Structures are given as C-alpha cells and as structure tokens.
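Using the sequences provided together with the hints, build the complete structure.
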Amino acid sequence: MNNEKKIKIFEFMSVFATFVGIVVGVGIYAKNSNQPGSVLGIAQNPIIAIILWVVIGILGMTMIVVFMEVSSTTKAKNQNGNLANWLGKLHGRKLGAFSAIFNIVGYIPIIYSILSFLVIDFIFTTIGTPINSLSSLDKLLFYLFGGMGIMAIFSMANAFTRKPGKIIQIIGLAIKLIPLLIGLVLGLTQLGSDNTFSDPKLQSWSAGAFFMAIAPIMFSLDGFVYATNLQKEVKYKKQLPKALFASMFFVIVFYVLISISIFAGSTDGNLFTVFDNTLPGWMIKIVYVLIVMSAIVSLNGMTLAATNYISAGVEDGFFFFNKKVSIKTSGIIQYIISATVYLICLLVGYAVYNDNPIYIIDGFSTVITVFNFLFYGIVIVLAMINRKTNKVKTDRVRFFWPCAIISASLIFAFISVIIVGYFAALAVDPRGVVRWFIIGFALFMVLIWGINELLYKKFNPKNPDKKEKTVVENININKENLAKNTKTVSSNV
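Its first residue numbered 8, the sequence shown is counted upward by one per residue in my numbering.
Do not rely on the hints blindly, as some may be mistaken.
What the hints assert, rightly or not - Straight line, CA to CA, 30 angstroms or less: simulated DSS-like cross-link-like pairs of lysine-lysine:
no., residue 1, residue 2
1, 15, 400
2, 170, 101
3, 101, 245
4, 330, 101
5, 245, 170
6, 331, 82
7, 242, 82
8, 208, 330
9, 170, 13
10, 242, 13
11, 398, 465
12, 330, 170
13, 331, 170
14, 330, 464
15, 400, 12
16, 82, 330
17, 170, 335
18, 82, 101
19, 82, 464
20, 398, 464
21, 82, 13
22, 170, 12
23, 335, 82
24, 82, 395
Honestly, the hints are just simulated from the structure, not real lab data.
Predicted model only: the values in this text are computed from it and were never measured.
Take a look at the structure:
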C-alpha cells in the first residue's frame, strides 16, 4: 500500500470516527428513555419513537447530500469547512458572523457542558452510587469541579496537539460501539413479556407529541457538521463528503436498530435497564465502564472538532480584529467561555431547582440544538438560491434538488411546531427559568453580534458592508504576488 492510499484511509477513518464519536452514544443514553424531555417520555408510544428515528434519518441523509455540495464552497486550500463560513460564502459576512457567535457563546458551550456532566453522571452510575442519591450540595460540587475538570482536560489536550485526539476517536469508536452492540443483541434476544410495546400507558397517538419528540432526536443526531470543520486538516478533500455520507448512513441504521432493541427489552426505554435486567453483576460493571469511556470519547470528539472554531472565525473575516489566532489560543478561549456558561447554568440551576442543578443545561441543550438546525435550514435554502445565481462556485452533486427541498421543508416544519410547543410547555413551569435563559441568551447573542458589527465598521471604514479579504485570502494573494514578482525578476535576469 503506497503512502497516498494510507493517508486517504487514515483521513477517511479520522472523519468517520470523529463524526460517529460526536453523534453516536451519549444521545441514546440520555435522550431516548421515558423520562420527561426524552423521546419516549414525550411521544408516549415506542412505535411513534421508532417512526421518528426513521424520519429524522431520512432528514439526515438528505442533509448530507446537500452539505456535500455546500462543503465544496470551502474545499480550496486553507479554507475552513464549517457552518459559519458556508453562510458567509453563500450570503455574506454578517450572517456568517452571527452563526459563528451563536456557536462560540452558545451552542458549543452547552454541548461541552452536557457531555461533561454526563461523564460525571455515568461514573457515579458505574460505581453503584447514582448521583441522584447524593445531597443537592454534593451533586452540585461533583458536577461543578468534576465537569469543569474533564472539560478542561480535553479542551486543552486538543488545543495543544491534534493527532492524539484523532487517534483516540478511531480507537474509541470501537469502545463506544461495544456496549451499544451488546444492548442491541440483548434487547432483541432477551425479550420479556413486559416491555414498552406492551405497556398500555405507552399507546398514545398524539400529533403534538409526534412533533415535540423530534427535538431530543435532533439532539442525538446533531453535531455532524462539526466533523466538517476538519476539512482544512484533510489533505485529500474528496475524502470528506465520502466519510460524512458513510458516517450518517451508519448512524441512522444503527440508531433505528438500537431503539427497537431498547424498547423491546425494557419497560422504560432506558438502555441501562436492558443491561441491569439481563447481565450478571460483574459484566454490568464492565459495560458501564465502557459507557463512561464512550461519553469521554464523545467529549473528545466535540472538543477536537470545535476547539478551532474561534481561530476559523478570525481567518474567515467574521470578527472586527484581523490578528490571526492560533488553535491553541482558540481552544483556551473556547474553554473559558464554555466553563463560564457551565458554571452559570449549574449555579442558577442549583439556586432555583436545588435537587436538580443540571436542569437548565439539560433543557437548554435540546432548545439550542433546534436553533442550530435552523441555521442548517438557512444554509440549505441559500444553497438552492446559489444553484440559480451561481454566486459561489460549487461541485454539483446528484440528487441535490430533491434532497434540498425535502430537508429544508422538514427542518422548517419541525422547528416551527417545536418552538411553539416548547415555549407553551415551558409556560407551565412555575419557575420558568429555562424560558428566560433562552430569551436572555438570544438577546445576549444579538448584543455581542451588534457590538462586533459596530467595531467591524470602525476598523474597516472603507467597505463596512462588503466582505473583507480574510486572513487566509490575504495570505494566498501575497503568495501569488510573490510568485509573480519572482518570475518577473527571473525573466529580467
């Protein structure tokens, strides 16, 4: 095998492992059960839940086809392949900047937060002392110091060096799949007379529940776009869309099968229940350790992909300052922002909900995922417009139009119903803190974006509304000019 083929295989596996590492694992443990806010808890019918996984799977596959074409807008050397840059390319700098700020101050910190507290939660489950059995103050302290600590370790590790994190994702992928495969087999082979399908309380057929239950599934599948942020680090650009499509197909098929297995093998739609009901004690411990490692791999994958988001935003010209930011600095700043958000959510959650300090993070994670899908929908619409205007050169992908129409229609239909339904549900919360957190976050994000735009105009007075040359573009222009000058000098000599 020649060196080029080895690099292509490694890059394919790196993207595949990062994608699966981010998407698969934690969501199925945290968002699929009969608990309030989870898939079965909202749908109240395992058949509806499975149908929803299939529907969202179709959405995911169509989105990947569209994003294959969208990602080609940034396939040139030294281009960052991420949501903000695609919005900037297809529409303009301002929208790209708004998306970048949304991710940096909101989406990434919340996802870092929920993955960090889940690692702590799973550790306590593994040692046989569920964290909910502790006092409110003890829970807060363990979530606070444990969560911020684990977040710091992987944020800093992936900021200071990149290759180990990628290797962890490839190796960790096998670790992550082992407990899921065990659960898949157990759920289908150790069927009991009592399960979610036979539970008379779980036979509801509500249209409202159908749409609302989509939100936690969106959380389970979200994050795939952050694997595309590795585009700049991939030498062979054509490997990225191949790896993304293969990853999404694998994830969808696997999630549908594991959901059927969990619902058939338990009465509460919880994978932990399947293990507890079928495995001997010593084997349960081993599986639980693997689940802890799975959560760690998910956190590693997210920090690996998102650590350079600030650096990428600066390079793409979204912020008022043009000084290049290294991945190391970007990772440190992103951790500080994420840890601050985590700290605020925990302390407010403890002050208001006392026995459940993670309530705000848990609820906020679903809502912010829905808003993230809104940006996906906007990108898809812009990609369709670009097909007509040819404003940005792209690689034309087969089946783009049907996939774009289906995915955009589903996204906007789902989001419209979810937003109305979610705020209606939050309205009955006597404390209403999550609702105010959402509103406060939206206002804060607009404020930060507005300040950035005012400063951008100040530091770029000539063309405040025109997309300025980014750091990368200026570097490429300088290289071209240098090459021309060298050629001129050589000819004169």
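message: If you test the structure against every hint from before, which numbers come out violated?
response: 2, 8
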